[in-house]
Every structure is written in structure tokens, then in C-alpha cells.
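Spelled out from the first residue to the last, the chains are:
Number of protein chains: 4
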Amino acid sequence: MIVVMRTNATEEQIERVAERLKQVGLGVHLSRGEFRTIIGAIGDDKKVREMGLEALPFVEQVLPISKPFKLVSREFREEDSVFTVGDCAIGGKQIVLMAGPCAVESEEQLLEAAYGVKAAGAHILRGGAFKPRTSPYSFQGLEKEGLKLLARMREKTGLPVVTEVLDRHAVDLVAEYADILQVGARNMQNFQLLRELGKLDKPVLLKRGMSATIEEWLMAAEYIVSGGNSQVILCERGIRTFETYTRNTLDLSAVPIIKHLTHLPVIVDPSHGTGSWRWVPAMSRAAIAAGADGIMVEVHPYPEKALCDGAQSLTLENFALLCRELEDVAAVLGRSLRKVMS
Amino acid sequence: MIVVMRTNATEEQIERVAERLKQVGLGVHLSRGEFRTIIGAIGDDKKVREMGLEALPFVEQVLPISKPFKLVSREFREEDSVFTVGDCAIGGKQIVLMAGPCAVESEEQLLEAAYGVKAAGAHILRGGAFKPRTSPYSFQGLEKEGLKLLARMREKTGLPVVTEVLDRHAVDLVAEYADILQVGARNMQNFQLLRELGKLDKPVLLKRGMSATIEEWLMAAEYIVSGGNSQVILCERGIRTFETYTRNTLDLSAVPIIKHLTHLPVIVDPSHGTGSWRWVPAMSRAAIAAGADGIMVEVHPYPEKALCDGAQSLTLENFALLCRELEDVAAVLGRSLRKVMS
Amino acid sequence: MIVVMRTNATEEQIERVAERLKQVGLGVHLSRGEFRTIIGAIGDDKKVREMGLEALPFVEQVLPISKPFKLVSREFREEDSVFTVGDCAIGGKQIVLMAGPCAVESEEQLLEAAYGVKAAGAHILRGGAFKPRTSPYSFQGLEKEGLKLLARMREKTGLPVVTEVLDRHAVDLVAEYADILQVGARNMQNFQLLRELGKLDKPVLLKRGMSATIEEWLMAAEYIVSGGNSQVILCERGIRTFETYTRNTLDLSAVPIIKHLTHLPVIVDPSHGTGSWRWVPAMSRAAIAAGADGIMVEVHPYPEKALCDGAQSLTLENFALLCRELEDVAAVLGRSLRKVMS
Amino acid sequence: MIVVMRTNATEEQIERVAERLKQVGLGVHLSRGEFRTIIGAIGDDKKVREMGLEALPFVEQVLPISKPFKLVSREFREEDSVFTVGDCAIGGKQIVLMAGPCAVESEEQLLEAAYGVKAAGAHILRGGAFKPRTSPYSFQGLEKEGLKLLARMREKTGLPVVTEVLDRHAVDLVAEYADILQVGARNMQNFQLLRELGKLDKPVLLKRGMSATIEEWLMAAEYIVSGGNSQVILCERGIRTFETYTRNTLDLSAVPIIKHLTHLPVIVDPSHGTGSWRWVPAMSRAAIAAGADGIMVEVHPYPEKALCDGAQSLTLENFALLCRELEDVAAVLGRSLRKVMS
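Residue numbers (the working numbering), protein chains in the order written: chain A, 1 to 342; chain B, 1001 to 1342; chain C, 2001 to 2342; chain D, 3001 to 3342.
Keep in mind that the hints were calculated from the coordinates and are not lab data.
Note that CB positions come from ideal geometry on N, CA and C, so glycine has one too.
Among the hints, erroneous ones may be present.
Calculated pairs, BS3-like style, for lysine-lysine (alpha carbon to alpha carbon, straight line, at most 27 Å) [unchecked claim]:
| no. | chain 1 | residue 1 | chain 2 | residue 2 |
| --- | --- | --- | --- | --- |
| 1 | C | K2067 | C | K2199 |
| 2 | A | K199 | B | K1144 |
| 3 | D | K3093 | D | K3305 |
| 4 | A | K67 | B | K1305 |
| 5 | C | K2202 | C | K2339 |
| 6 | A | K46 | B | K1144 |
| 7 | D | K3070 | D | K3202 |
| 8 | B | K1067 | C | K2046 |
| 9 | A | K339 | A | K202 |
| 10 | C | K2067 | D | K3305 |
| 11 | D | K3067 | C | K2070 |
| 12 | A | K22 | B | K1305 |
| 13 | B | K1046 | A | K144 |
| 14 | A | K70 | B | K1305 |
| 15 | C | K2144 | D | K3199 |
| 16 | D | K3339 | D | K3067 |
| 17 | C | K2199 | C | K2046 |
| 18 | B | K1070 | B | K1093 |
| 19 | A | K305 | B | K1144 |
| 20 | A | K305 | B | K1022 |
| 21 | D | K3067 | A | K67 |
Using C-beta positions, here's what the derived DEER-type ranges look like [claimed, not checked]:
| no. | chain 1 | residue 1 | chain 2 | residue 2 | range |
| --- | --- | --- | --- | --- | --- |
| 22 | A | D44 | D | K3339 | 55 to 61 Å |
| 23 | B | D1201 | A | G158 | 48 to 54 Å |
| 24 | C | G2227 | D | R3338 | 47 to 53 Å |
| 25 | B | D1172 | A | T10 | 48 to 54 Å |
| 26 | D | K3305 | B | A1331 | 56 to 62 Å |
| 27 | C | R2016 | B | D1080 | 28 to 34 Å |
Model the full assembly from the supplied sequences, consistent with the hints where possible.
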């Protein structure tokens, strides 16, 4: 950590900062420039972050040097983490496709969707049982009934199931039915939920918050991993910007950056990332080309009748077309949609 | 709601959309322009919002006309809502000051802070017992012990207490000790928490989410009010933008807009809104001048020793200076920090 | 255009708006909903945009229906526009690579860069002679001398040249030496420059402004095309967001959207789009996979000695590796880096 | 400047960076932490900024310590700069009001506007002769004829005149007629224009770019001042964010920050800052309360007939009301709309 003093800071003030750093056990390294003194604090950055030194009027700025995340970093673990779900390996050479409707609406709808996406090539079935909705007057999901339907589909189709958990008290319930527990964008910093998921022994799909920096996102992952559950899959789903033509701005540069900074798998959700089915195929191809380990797409047998997010759902036909394209893009990177020996 | 067809839409496609609108009980109003047809749907906008008509390839866009919120709107209730807490009236002519440390750290710290802010002119004591922290390795609050300390300070100083609730299962616990329950920016769309607060008979301070539009913020308020609790106080606390000089960008234009769109009181948090004690006095004055019903500020007896957010905390001296300035600004708008007859 | 009246608007006020619309020659279509009246204005949207009807206190909102751009729209011209530069066809089946240093620094540097990128597979040489720099104290380019060096390299290597023009009075000078004139992000709304380029008979590469919406970007293109020059190539180069890990956030969803809305070619600049050479290969692959017609990359023989933007420049070796990857990605979309018969 | 090495950097790599720093005349200060080495470069930060050290794969990050601006900084000049225009002093105790129509439309319109704003209390007349418009099909201003009308109004009313200059070649022309030359948001980084204005001996009103950080804005001011013209007035006019309820998000925190970092006057434009006349009075009061030296507002005798930006223009009546409120807010800060002895 670097403490930058104001240009007119006195010797006494510099000393006062140095003393406080030493008190908490940090090494101190003074560097007097032409105009100002900067103080290097050697040791645990975390301590300096919490000292509130910027509260002192003669301190200009406190600059962190090391990253605040540890367990999720490439420096902690150099090789890629690979997690197994059903017979998929997420994070290895296989490109994993998660597909299904935004919300579980009925057995009939889910059945048609599940068999459809499986036939097209999906590896994992997605579907929401608990739906966080902007309006209190919108459909909020089938809840427990939805979970049961998802589990029944897994039995029928053999596809593992990913679904969202909204609340720390529902973690056990959802874990009973799901193979992967999803944390939605709105809950990325629901730290109590993250702590609860840290106690689990199942993969967690952690979506990036709508306005979360990459660093904050990784700190959210750090919550889960530091709790004891290392199976975190990151999911880029678009960030909020001034552009209104898309629902969000899909930040694909997050993919290579995540690969550089961490050992965790990262997938992309182009459905929420763009908000319209029209842009999903192009952005799915781009995600795989950028190095993502998979994608999660909304697919509905009849999008214009969907109770939720119909506008961004692919039809089964369009999803099948997309799968064929993705196989080719994967091949360019030496990967495949089929199970492969890593 | 207006459905804009693509320019090359056929008569049959136009008819198909019109039929679907009629099926859900909406009136249909066709308007054929030079280049394209637009279809007005007369009746409940909510129904059209959920129909997913954008999923149809011949639909260009669906444009909402009416606002999605109802109970919180000025149109539903024309006069300002005023809520009483202790002997303050929030939303009336009185300007309400909520002040105190970011986190409750110890009885000693809270005691000094509480007596200090009271002496300076604060009406309500703030302090966090449950702290949502970006890092799992940071101080997370004293939890229940913190709540008890807050209640003890209320007894001693007579100041009502506002504190954050993080989880729907903690609502009853927090409500036992606090006079106002705060929903933090990260929880603005924790809909299950909002629903739970809707069952309460105590004021809720609802902070704007870091990347929430004004409309989404009001929909979050609508969740609480539609659940039966009309006592919602909105709190602008800065939004996330590209500017890095401040922690957030305080959006003061939200103040007059909220006053225009709703009947609810709105206050401003310049501490989180800027992230530095240096800008808090100027932005507090600006908030009151813009028409806010009060402010919430972080004040700490020794900011550079704070366990949390020291950089943005005012000292007791600076807070006392600020209170005097605010009294003068309030007077310009015919308001006062003292209790006033509305 | 749709004029939404306030809920309490009187008949007289509705009539007043309708009258003003008729005065400018627009058809009027009243639609009385349960709560409010909306007025459809039939005819030229542009007229309504400029009427300032929102200035009337009884008007809630004015909603545009049609897009404000015309000549650049797919509706105006259905087939893709393809422009020929040297022996490249931009906008057809060929993927075009523009590469070279940020700034022209010396003959020696440019020579090594030009032969290097050509050998690797680039089709067009880029290099800045006039450099817009954030700091007045930074290197500002070789200016006319730089243009001459670029032209000399074209003679030697056969590569056409793209370079930036900063000022409308320099258009003729730059056009004398360059094959494609680039408008930088900061000048996207330098309307006088755009008008001047509209008089030219050479392709213009129009970069998206740092905070420009897609619609504003297309309006900038409309300036050039409406002036008589239809050869506009759009270039996505990242938009400004809250994320600080990258210099900008590359908005690849702009690629399929541009293809949907317009007939113009669109390329991507992953160097400015990310700000670091580390992410350039992944984002270049993603750009082509998303459907871009080419990319523009910064390549420098010795990036760490570059006078400008070294951090985001690829070495010649890394660029050569990238070209091979891109050929494979292009093939998936039925395209190629080689000249192809459209 | 601080160079942060990657954790696995070798001694040789550290040495290589140190050598390069020494070559350009910088002092080198190594600090070896537990995990990584950081290298302090002592001397001119500008040199390191331009070295492109991030291009080296073993360099993690280059962190600037000192601010890149010099002449505009408080450290360069401690007391506030005050510029005189007509008989106003901008930057001192007087609060300066600049008001008038968005565009000069006709003599009649300008006459009514000029006398109206003067009667209400304005000190300076604003009005656009050259209008940068998003659409090529919109009214682009009366150009030279507009300048003449402005000069005529100055003669009649005694009000000095501020108007926008779009192009470096028009600087002399505009300077012939105007008392203050305005640089619009879109031109904040038109460096050639800034250089030209640096040669002038007249005040320049420099608007913040739509997506400009405070630092970039000050660097733009530095261009003008380093060219020899120290009379720069900064104008906050809103930045682009995700919020769509307002045209821009007015960043009032920029006001105290500018006062902290520089000695230059700063004013606020709440008309562009919000995009609607409805929010202008509240945000004008807030601007003055935040410490701004004045405001610039759009006022039109008949906003709903304005050729440009009618939606955000105040009527003369509303402007007169606003002036009375502002006098009271100014008084709270010990300032006044009347000429005052500094």
C-alpha cells in the first residue's frame, strides 16, 4: 500500500502516519520526491485499507498495490480449476452449454424445453423457480413446485440442473434439487447468502453484478471460497452503461481478464447481456472465441408466450442452429462441445 | 403501451399482434404511418410488458407509456407523505439530520458519537450493526450486540435510531431495536427483504441501488408499500459512473424528480455519495437546497481510527459547523432543522 | 412520434398540442386511455423532435417512433455496402486487417512496422501523424512529415494507408496522402469536420465516441453520407463505463446491431477498446466471431519504446500469431483474410 | 510514479525496468515487498507516463502519483483566480448569472430574451450562433449573423455576451463579437481548438465533456493556460450515465473538487445538466449551495416555440423567480448576485 501525502505535509505529519503503520505491524518505506513524500507500507495491504488514513487532512490518497483477493487468484493456484457436474467438466477443454427457459412455468413447458435443448446439444438445463422481478405485480416463479419440476426433468433427460437461490435460508432447499446453485446479479453482494454457499459442497454459478467491477466480483467469489467451497463458476452477464439499445452491455473483455487473474471457470450469459434474442447468436460465438468456458442461454419453446423475458429467449430452432456454429468456433480454440479428455 | 411493428410487417402479422392484445383484454388502436404501423394497447400496461411481444421478429419495439409504479406515485396521492419518528416529522417542513458512525464499534465509541451529534443538532442516530463488506476479511459488525448498544444510546440521548437490516429473517430482530430500518444500496432489489418490510409498521429507509434507475428505485418502494407498509423514506446515495475521483456520483437531480413523481420523503447521503469527508459539507448544503427532506451523514469522533469508512466520516467539530450552515440553507426554502408546525 | 399528455391535462390543452402538430403539417391521431391521452403525430418525426413540446407543463413526454437516421439505414438500402481500398473489399466476405503503430515516430520505426505487419498478413497500414493527446505536454505527432512517411511506406509495401484527420481544414492535406481518413472518437461529433468529409470521394473510418450511443454514432455517419460521401466504415473502439480494469469497455454487441440497423461495414479496434496488449488477441477473435468486417490493431516493433500507447500495442510476433487464429475464426463464418469473391 | 512488477518477475527484469528509468533521468527507489517488488520513479511523472512500461509482460501496473496538470492546480497558485468581464468579477464573491436562449433565432427573439433576462437579474447574455446538432437535418444556427445580433444586444442592454466557438479557424471571428468564448462539451478535447484559444486574451468558458473525468477536464484547461491564456472558467454540465430520466447526470460534487484542485472559477449549467426546465430551479439552487461561482441557464420567451432545446428552457417568469431564490442562497455563503467588494 502506498500513502501519498499532501504536498505541504509537515515532517510531524509524515511521522504520525509512519507511526500508525508501525503500530499495526507494517514495515515503512519513505520516499521523498521533489514535491511530496510517499510512504510505502510493507506487509498486509488489508490492514492499511481499513485504517481510514484518508480521513487525515494531510493525506492525499491511499493507493492499494496488491489485489484484495487471494484464494481465487492465479497466484494462489496456477492451473485452471475444473469442476465436474454430471458428466460435464466445467473449466477444461469442453465448452459447456446451459440452456432453458427464464422461468419454470409448467410441467408441459419445461418438458418441451428440456427435451428440445438436449436434442440441440445443451449439457445443463437452466430454469428459474424463484424469480427476482423488478415489479411486485409480475409473476414471481413457481418456487418449490418449480424446483420439483426441474428435478423431475433431470430424471427424464439426464441433464443436470442449474437454478437460482435468492435467500440464504433457501440454500438447503435449493441444494436438495439443483446440481448448480446460481447467484443472480442482484445478489452478487448479498454477503450472507455468499457465506451460506461457502458451506456447501456443490458448484455455485456467480453472476456479475450489474455495476460490479471485476475486482468486486472476484471478492464475492472470495467470500464463497474462503468459506470452504472452492467450486465457483463466474458468469459475465452484462454491465449497466449509458447505451439503451441493449438491456446491458456485455463485457466480453472480462473473459480473458478473469482467465488472467484467477483459476476459476468463466461463462457468459448473452441473453441478459443483450436483452434481445436477435443478438444472442453473435454474442455467443464471440464469447467462445474470447475464451469462455461455456454459455448460458435462455431458450423457450414459444418465446412470445413466455411469462418472463420472452424478448431475449431463443426458439428451439434458433438454439439448435447456434449449437452447430459454436462447435466450429470451439474447434478453432482446440475445444469442443463434446466431452473431451482434458 | 405502444407496439411498433417493423417496416416490412405484413397485414397478417399486424393482425396477429392485435389478436394477442385482445385476448388479454386490451383495447387495440391501429395507427398506420407512412412507413410503419404502430399499435396502441389500451388498458393495463403491465399486461403488455409481460407478453414478450418483442420475441416476434416482425415487432421492432414495445414502448411503455404509463409508469409501472402506482401506490407511491403523486397521481395516487397528491399531498406529501409525512412520517413521524420520535418527535421528528420526516417529509414536512422540518429538515431531518441523521448522523453517527458507519459501524457501531464499542459502547465508548457510540456514546461519544451519539452525544456529540446530538449536541451539534442531529435528530436521529445512525450506526451499522450488520455491515455488508466487499471483503470477507473485513470487520462485519457487532450484530445483535450492536443493536443493543444502539437501543441503549436511544435511552440515554433520546435520539431515535436508524440501522441497516441485511436479511429478511433478521427483520423482526432489527425492528425490535430500531426506529427506522434501513435497506442498503446492495439490497435495493432484494425483493424478499422488501416484501418482509412491507408487513412491518415502522418506517423503512430505502437507499437507491448503485446502478438503479429512478424507476427501479420507485418499484422497490412499491414492493414495500404494496405489502401494506406505506412508510418509505427514499435515500439518494450516489450512483456508479466512470468518474473515479469520487466513490460514487451523487445524483441530486433525483431529489426534485422524486418530489415530482411521488409523495414520499427523500433524503440524501453525501458520505457514501462522495466517499470523502472533504466534499460532504458542500454536498449536504446542495442537497437541502435541491429540496431534500434531510440528510444522513457519517460522523465519527476519530475518523482515522474508524473500523469502517473513516475516509468519508466527518469529525464532530466539522459536523457541528455543517449543522449551522444547513439551518441557514433550510431557512431559504422556508424550512428549519427545528421542529416546525407543518 | 407520440406525445404523452400529463394525466390531468384538460381538453383545451390536448387541443393546443393537436393544433401545433397540424400547423407544421402533421397528421394527428388521438388515443384516449383510461388515465391519459396520447397523441400520435403522423408524418415526419424530425418536425416533432424540434418542436420543444416538452416545454409545455401539461406534456409528460415526447416519444420518437422512427429512427432519426435515413440514408445509412438498412431500410434505405437493403444489401451490404462494400467499399474498395487498394485491392481490399471492405464489407464483403473478406476480413480486413488494419495494423501499425499508434503514432508515426520515424522512418525507421514505420518501415519496420509496415514490413512486419504486411508479412504477418495485414491489408492496410495504420499510423497517426496528427495525435490528439490528453496532455499538452505529450508528443503530438510528426504532422505533415508523418503523412509523407506513410505515403512512402505505401509505395514500398503496397499497403493502403489509414490515418486520422483532426480538423476540417486539414481534410485536403490528409486526403492527399491517405487512402482512408479516420475520424477519432473525440471528433465523432465534430460536425464541421463530418460535413467536410461528406464532400470527399474517399472512405472515412468513423470511430464511435467514448460515450456515444449507437444512435448518435449513426447520426454522425448520416452527416457524412448526407453530404454526398457514402463510403463510411464504422469502428467500435470501446465505450466509457465504471470498469477501470480496462481503458474502455469494448461493446461487441454493437457489431450485430450495426449490421441489423445499417448497410455500412463495421470493424473493431480492440487496442483502444481494452487498453492492454494482453486482451487484444481474445477480443480480436471475438470481434470476428461477432460478425465484424475487420479489425484495426496497434502493432509496434518495440512497444515498450513507443512514444504513444505502448501498453496496448502488440509486438510483431504476437500480431503474426493473431493473424493465424483470425483466419480460422473467419472460416467458421464463411469468410477469409484472403481476397475472396463476394 | 510507481511501477508494480508481476509477482514472478526476476531480478534481471527488475533491473531492466530500473535501467530504463535511469536512462531518462529519473531516480529509482526499489521496495521489495513480501510478494512483489515495486519501483518508485523519482522525478517527472510525465516521462514515465509516456514510456509504455506496461508493454513489458513482467510489469503488472504503472501507477501515477502526481497529478498531470500543473498551471491550473492550487499548488501552482493558491489564491482563487478572478476574471473580469464587463463589470462582473467571475470567481470572487459575486455569483454570476449567464442566461439566454439556446440558439439565436432572430433579432426579435433575442431582443425579448435579452431584456427579459436582464430585468430578472442576469449579468451575461448567452446565445448560440454556431450550433452543434446531433442530426444533420436540424437547425444549425445563424452563424455570423447570429454573432452580429449578439453584439447588437450587448450595445442595447449592456450585457456582455458568451457564445460557442466550434472550430479553431473561427476563433478570431467569434472573439471579435463575444466577451467570453465557450467551448462546448463535444469539443472539450478538440485540442487544436484549445491551443488556438490559448493564444487569446479573453476568458474561455470550458464545458466538461459528456464522459470526461475531472482530470481530463483539467488537462483540457491546462492546454489553454499553457498556451498563454490563463482566463479559463470551468462549466459542469452533466455527465453521461445509465439514468435516462434526465438528459445527463449533473455532477455537483465536481464543484467542491474543482475548488480543491484548482484556482479556476467553476460554474454550472443545469439546463443541459438535466435536460428539463422542471429540474432547473432546484439544481440551480443546489449549484450555488455547493459553492459554484455562477450558473448558465437557458431562458426563452416562448420555450415551446424554440428552434432548439425548448424542453430545457425556462420562461422569463420562471427565471425571474429563480433569481430571487438564488440571491438568498448566495447570502448563506456570504456571496451575492450584486457586484460586491471581494
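Status of each hint after checking the structure:
For a cut-off of 27 Å, the pair hint linking K2067/C to K2199/C stands: about 24 Å separates their Cα positions. Restraint check for K199/A and K1144/B: the C-alpha separation of about 22 Å stays at or below 27 Å, so the hint holds. Among the hinted pairs, K3093/D with K3305/D is inconsistent with the structure: their alpha-carbon atoms are about 36 Å apart, more than 27 Å. This hinted pair checks out: K67/A and K1305/B have alpha carbons roughly 23 Å apart, not beyond 27 Å.
A hinted pair counts as satisfied when its Cα atoms are at most 27 Å apart, and K2202/C with K2339/C qualifies at roughly 21 Å. The hinted pair formed by K46/A and K1144/B meets the criterion: a straight-line CA distance of about 26 Å does not exceed 27 Å. Restraint check for K3070/D and K3202/D: the C-alpha separation of about 21 Å stays at or below 27 Å, so the hint holds. The straight-line distance between the Cα atoms of K1067/B and K2046/C is roughly 26 Å, inside the 27 Å bound, and the hint therefore holds.
With a C-alpha separation of about 21 Å, the suggested pairing of K339/A with K202/A holds against the 27 Å cut-off. A hinted pair counts as satisfied when its Cα atoms are at most 27 Å apart, and K2067/C with K3305/D qualifies at roughly 23 Å. As the CA atoms of K3067/D and K2070/C are separated by approximately 45 Å, the hinted pair breaks the 27 Å bound. A distance of roughly 14 Å separates the Cα atoms of K22/A and K1305/B; the hinted pair therefore holds under the 27 Å criterion.
Using a Cα cut-off of 27 Å, the hinted pair K1046/B and K144/A holds, with the two alpha carbons roughly 25 Å apart. A hinted pair counts as satisfied when its Cα atoms are at most 27 Å apart, and K70/A with K1305/B qualifies at roughly 26 Å. For a cut-off of 27 Å, the pair hint linking K2144/C to K3199/D stands: about 22 Å separates their Cα positions. A hinted pair counts as satisfied when its Cα atoms are at most 27 Å apart, and K3339/D with K3067/D does not qualify at roughly 35 Å.
Of the supplied pair hints, the one linking K2199/C and K2046/C holds, its CA atoms being roughly 24 Å apart against a limit of 27 Å. For a cut-off of 27 Å, the pair hint linking K1070/B to K1093/B stands: about 25 Å separates their Cα positions. Distance hint between K305/A and K1144/B is unfulfilled; the C-alpha atoms sit about 47 Å from each other, more than 27 Å. Of the supplied pair hints, the one linking K305/A and K1022/B holds, its CA atoms being roughly 14 Å apart against a limit of 27 Å.
At most 27 Å may separate the alpha-carbon atoms for a hinted pair to count; K3067/D and K67/A meet this at roughly 23 Å. Range check, D44/A to K3339/D: Cβ separation about 58 Å, and the 55 to 61 Å hint holds. Range check, D1201/B to G158/A: Cβ separation about 51 Å, and the 48 to 54 Å hint holds. As the Cβ distance of G2227/C to R3338/D is approximately 49 Å, the hint placing it in 47 to 53 Å holds.
Against the hinted window of 48 to 54 Å, the Cβ-Cβ separation of D1172/B and T10/A comes to about 53 Å, which satisfies the hint. At about 38 Å, the CB distance of K3305/D to A1331/B disagrees with the hint of 56 to 62 Å. Checked against the given bound of 28 to 34 Å, the beta carbons of R2016/C and D1080/B, roughly 30 Å apart, stay inside it.
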